[in-house]
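Participant: Take a look at the letters that make up each chain.
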Amino acid sequence: MNILVCVKQVPDPVEIKFNSETASLIRACAANIVNPFDKYALELALQLKEKHGGEVTVLTMGPPQAVDALKECYAMGADKIVLASDSLFEGGDTLATSYALFCAIKKTGEFDLILYGKQAIDGNTAQVGPQVAERLGVAQATCATGIELADDKVLVAREQDDCQEIIEVKMPALVTVAKLAVEPRNPNIRRKIAANKIEMPVISAADLEGIDAARLGLTGSAVKVKKMFAPPVRGAGIKIENETADNAVKALVDYLSNAKAI
Amino acid sequence: MGRENSKNVWVFIEVYDNKIRNVSLELLGQGRVIADQLGEKLVGVVIGDNIAGLANEVIAYGAETAIVVSGNEYKDYSTDGFANALTALVKKYAPSVLLIGATRNGKDLAPRVAGRLETGLIADCTDIEVNSEDRLVEWTKPAGNMMSTSICPDSSPQMGTVRSNVFKKPAPDYNRAGEIVAEDIGTKADDIRTKIVEIIKTVQGETVNLEEAEIIVSGGRGMKGPENFAILKELADILGGSVGASRAAVDADWMPYAHQVGQTGKTVKPKIYLACGISGAIQHLAGMSSSDLIIAINKDPEAPIFNVADFGIVGDLFEVVPLLTKEFRRIKNG
Ligand SMILES: Cc1cc2nc3c(=O)[nH]c(=O)nc-3n(C[C@H](O)[C@H](O)[C@H](O)COP(=O)(O)OP(=O)(O)OC[C@H]3O[C@@H](n4cnc5c(N)ncnc54)[C@H](O)[C@@H]3O)c2cc1C
Ligand SMILES: Cc1cc2nc3c(=O)[nH]c(=O)nc-3n(C[C@H](O)[C@H](O)[C@H](O)COP(=O)(O)OP(=O)(O)OC[C@H]3O[C@@H](n4cnc5c(N)ncnc54)[C@H](O)[C@@H]3O)c2cc1C
Numbered sequence: 001m002n003i004l005v006c007v008k009q010v011p012d013p014v015e016i017k018f019n020s021e022t023a024s025l026i027r028a029c030a031a032n033i034v035n036p037f038d039k040y041a042l043e044l045a046l047q048l049k050e051k052h053g054g055e056v057t058v059l060t061m062g063p064p065q066a067v068d069a070l071k072e073c074y075a076m077g078a079d080k081i082v083l084a085s086d087s088l089f090e091g092g093d094t095l096a097t098s099y100a101l102f103c104a105i106k107k108t109g110e111f112d113l114i115l116y117g118k119q120a121i122d123g124n125t126a127q128v129g130p131q132v133a134e135r136l137g138v139a140q141a142t143c144a145t146g147i148e149l150a151d152d153k154v155l156v157a158r159e160q161d162d163c164q165e166i167i168e169v170k171m172p173a174l175v176t177v178a179k180l181a182v183e184p185r186n187p188n189i190r191r192k193i194a195a196n197k198i199e200m201p202v203i204s205a206a207d208l209e210g211i212d213a214a215r216l217g218l219t220g221s222a223v224k225v226k227k228m229f230a231p232p233v234r235g236a237g238i239k240i241e242n243e244t245a246d247n248a249v250k251a252l253v254d255y256l257s258n259a260k261a262i
Numbered sequence: 001m002g003r004e005n006s007k008n009v010w011v012f013i014e015v016y017d018n019k020i021r022n023v024s025l026e027l028l029g030q031g032r033v034i035a036d037q038l039g040e041k042l043v044g045v046v047i048g049d050n051i052a053g054l055a056n057e058v059i060a061y062g063a064e065t066a067i068v069v070s071g072n073e074y075k076d077y078s079t080d081g082f083a084n085a086l087t088a089l090v091k092k093y094a095p096s097v098l099l100i101g102a103t104r105n106g107k108d109l110a111p112r113v114a115g116r117l118e119t120g121l122i123a124d125c126t127d128i129e130v131n132s133e134d135r136l137v138e139w140t141k142p143a144g145n146m147m148s149t150s151i152c153p154d155s156s157p158q159m160g161t162v163r164s165n166v167f168k169k170p171a172p173d174y175n176r177a178g179e180i181v182a183e184d185i186g187t188k189a190d191d192i193r194t195k196i197v198e199i200i201k202t203v204q205g206e207t208v209n210l211e212e213a214e215i216i217v218s219g220g221r222g223m224k225g226p227e228n229f230a231i232l233k234e235l236a237d238i239l240g241g242s243v244g245a246s247r248a249a250v251d252a253d254w255m256p257y258a259h260q261v262g263q264t265g266k267t268v269k270p271k272i273y274l275a276c277g278i279s280g281a282i283q284h285l286a287g288m289s290s291s292d293l294i295i296a297i298n299k300d301p302e303a304p305i306f307n308v309a310d311f312g313i314v315g316d317l318f319e320v321v322p323l324l325t326k327e328f329r330r331i332k333n334g
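As you go down the protein sequences, you meet chains A and B in turn. So the first sequence is residues 1 to 262, counted in this note's numbering. So the second sequence is residues 1 to 334, counted in this note's numbering.
Hints are all accurate, no fakes.
Stretch-level coverage of chain A by chain B, calculated; a stretch enters the list once three of its residues show a Cβ under 8 Å from a Cβ in chain B: (1) 91-102; (2) 128-137; (3) 141-151; (4) 165-175; (5) 226-234; (6) 238-250.
Hints are computed from structural coordinates only; laboratory data are not their basis. The beta-carbon is built from N, C-alpha and C at its ideal position, and this holds for glycine as well.
Extracted from the complex, chain B is given alone in its bound form (with noise of 0.2 Å):
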């Protein structure tokens, strides 16, 4: 689509076991920046079924309009039924910048939109804002060692996907005015050519939602086999924090790919990240460097986590996480 008349920010509102994904949030907080910027409004769209609550949200975390599509053939994600949805909302109102959190579901549709566009997409992004010259939005992403920024400038809307955690989630205002659109936008039976037919959860009690947790403590190929791991749940069980990996201790299969923090894995943002064993490779760090404490534990004093580690221990992980776990104990048992 060409670039002339589009106007305003769209956030994607993912819907997730009907409430709205945190990362959604976020890029209504940062999509009000960029849509105050451009001078512009900040539109959020949800699709779903039974979702009329859900606006009230979109409106309380900084977007003039809400746009809501139901319908009970959007009861699950589907790309098809998702996909017509929002491709057709795109082509009536012609929005600048289109905004869709790095989910599962968010990497499904994203692309399959763009395409169906033929507009640029820019995958995973950590950062965006807008060029106060030409008014772009900028895209800036990892990119192997380095950091790259794109832009989209011939081509509307300007999409990206972007990582959970990277951006604030912005404080709700529910008194906040705002305008609720409803858009009756029906997707055929036939038109939708996937079904989920089981939902099969993973272990009970086992579920990992790295991207909320608060503390996180992790490991990497220094744990030495999978069985080790247990030391690490041990210590972030007394502090009531979550189990993370390294891509070395994922490919080993000591743990599950859900685990995994860096630029291919979760990006995460806890209060405490502890790295057990992990060097610190870049592709690690651009997963967990905006973690408000990083401590690390590693036996080799040159290992390149120190470098942005805020407290370090030159030692073994055997040694030291097992005493961590006792006196953190014995703080808990007063």
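Chain A on its own, in the form it takes in the complex (with noise of 0.2 Å):
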């Protein structure tokens, strides 16, 4: 079976501090990751791997940094790793991105399964799995928790709110992954030194045959941000500090009545 995991680079939001002078917050980003959700796509790729054999690529779209998300994947045992890297596939929309990443995928070869991370923590939309599957005409299932194969088909545990929906997914299709009950396995140290002297491809705008570049980055792109503003802040009401216990939870119960929440 050929599996396609599509992985993104984020910045890994460590420590997110407040700072009370200003009333904005600070978000001091280290590293990038790779997306949380990606990381479990990957894991359940590699156990369907093990189990019913087969061949599991990983592909990202970003900077030439992005490499380094792939070679973790790499290390976490993926057989193949493609970049697909231009300036021409930068800042777009969902619509944008999706259109890239079908070029691309087409460019890679030919699936059986494609896994996507429920959403990246970045951008957070968790539209581009469904907008790839939409390009390339495939069954989908959003939110799974877990995936089984049966023969031409395959089985998906999705999350609802109140439930979990067992659902029958004709192959080929994309399935997006949420957060699971194992974590994801850690790099395999051989393979994170192998993966530093491994051949990619990297693919460009160029390398996409009929590829339609008015479709790409911002100028592709449906959706315009208009403006960015700090949000509307709530006033703060009454603090009680340095009280006992007792006396502030009466307080609050007085509150609460008067203000006849209770």
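Using the hints, build the complex out of the two chains.
Facilitator: The structure is reproduced here in structure tokens:
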């Protein structure tokens, strides 16, 4: 079975601190990481390969330093890694991003199963997976917490709020993966060293025959950001400090009954 | 699709367990406002099986027209079936705006449809309004530690998914007159490539419906471990409320994801939101800051949660919470 996993490199949101003087948040971004949900997707792909054989390819689209994400995936056990990188791909909305990824997938090969993360923790739209599935014309299932193979179909456990659905999906299929019960495996040291020497195809827009540059990046985006602004602040109210817990609780209960909230 | 000749504001009406989801009714409320500003009609689209009765609801909640697509193939939600029906309708009628609730199924469907129509889609909006000058819809949502407003100026329909609980559900008027249009759009069995084969209910009686809870008692990293959520559950039970959590608590596996409040969890709007051991990161605030009353218990007087709390207690939650439970129990038992 041929499995493709699409991963995105995202900034690591380690610590988020509040600057009380300027009432703004300081986000100290350390290194870049592989989007956490994409690692779950890769873990699932590797488990399926171990059980049923086949090959796992990982594709990312991003700047040249996104190779680090690919090397990590290789060290975890991916057979092949592919980078799609071109300034023409940059700055797109999900429509343009999914078009570029679709073209890159077509160039990379034919796959029975394509796994995506449920969402990327920076853009957070959860739109790219379904939009690539649409362009490829394959079936989709979103928010999977498990996948099993059943002949020419996959059985997908899908998270709903109050239940879990088990869905039978015809292959070829694209499935987006949520948090799993198991954590993704650690990179293997020997593969980590090998990853530094591996030959990796880099796809640029010029390599993609028939690609329509007008549909890429910012130019190809239907969504335009009009403005960014600080969120409205809700004023602070009463704050009880240096009181015994007993007194604080009494004050709170009084407050709530005065406000007719209870 | 091009923008010319597109007209009317559409709301995709999501049916779940034979009922219309609250978020769809909330969208009929805000959809009405937008339609009036544009001078266009409000249309609700219902897709399902045995749903004739729901069309009247759609009109009672403010639409001029309910478009109904029914058929056995739409009994369960499927990406293929619903995307086929909805895109066929959009191509036939060319609405100018299409609103979809940002639920699990809504977020499965919307990108597929937007992709097929080659139009933009703005995810997880918390506000939508019409710009009076260019008459474009402005879609607002949290973006990192800021808010962003986006537009979709050149393609149609203008589409977005919208979070639950950001708009008020309008009061229904069952005397409102409206038009019900039945559209016969079949989807061949072979064209639906997914099938729900089993539904496993989460632990009995443990279903969380944070979006509709009137009181939420939430815990964060300050809870120190999964076992301590029992004290929040006890307090929530006395108050008839539900337990929520910050992402730190969910990521640590102390609580299931369904309890997460915030930008990447639920947006909630309870009468009382009680945050225990939650620092008040902007992404958490994005999910609860429109609660009627916010109460915070945190041992750090500088915690940003106090900047939004109507009532804050600087103290140890392990002392304060059990006392609160005791006090409410005493009041309840008269
Ligand atoms: C704060 C913010 C808000 C935004 N809001 C919108 C919006 O509402 N609408 C819109 O159209 N655009 C939006 N964008 C732009 C959007 O983030 C980009 O198009 C981005 O490239 C893809 O979207 P995502 O990060 O949301 O990915 P998601 O759709 O959340 O990603 C899902 C999965 O797709 C795969 N994937 C995503 N990107 C790549 C990649 N480069 N290479 C390989 N696999 C990938 C991964 O498996 C990932 O887990 C927003 C951007 C930001 C920063
Ligand atoms: C893209 C993105 C999306 C995100 N989405 C969400 C989201 O949906 N929801 C969300 O919640 N977060 C989200 N986050 C994470 C968010 O930035 C914070 O990291 C998170 O909310 C912190 O959770 P916390 O307040 O529980 O933990 P902390 O920030 O560690 O705060 C713990 C608090 O507990 C207090 N405390 C400790 N012990 C006690 C005690 N005994 N008594 C009283 N108080 C005590 C401490 O003083 C501290 O203020 C997101 C982040 C990113 C980057």
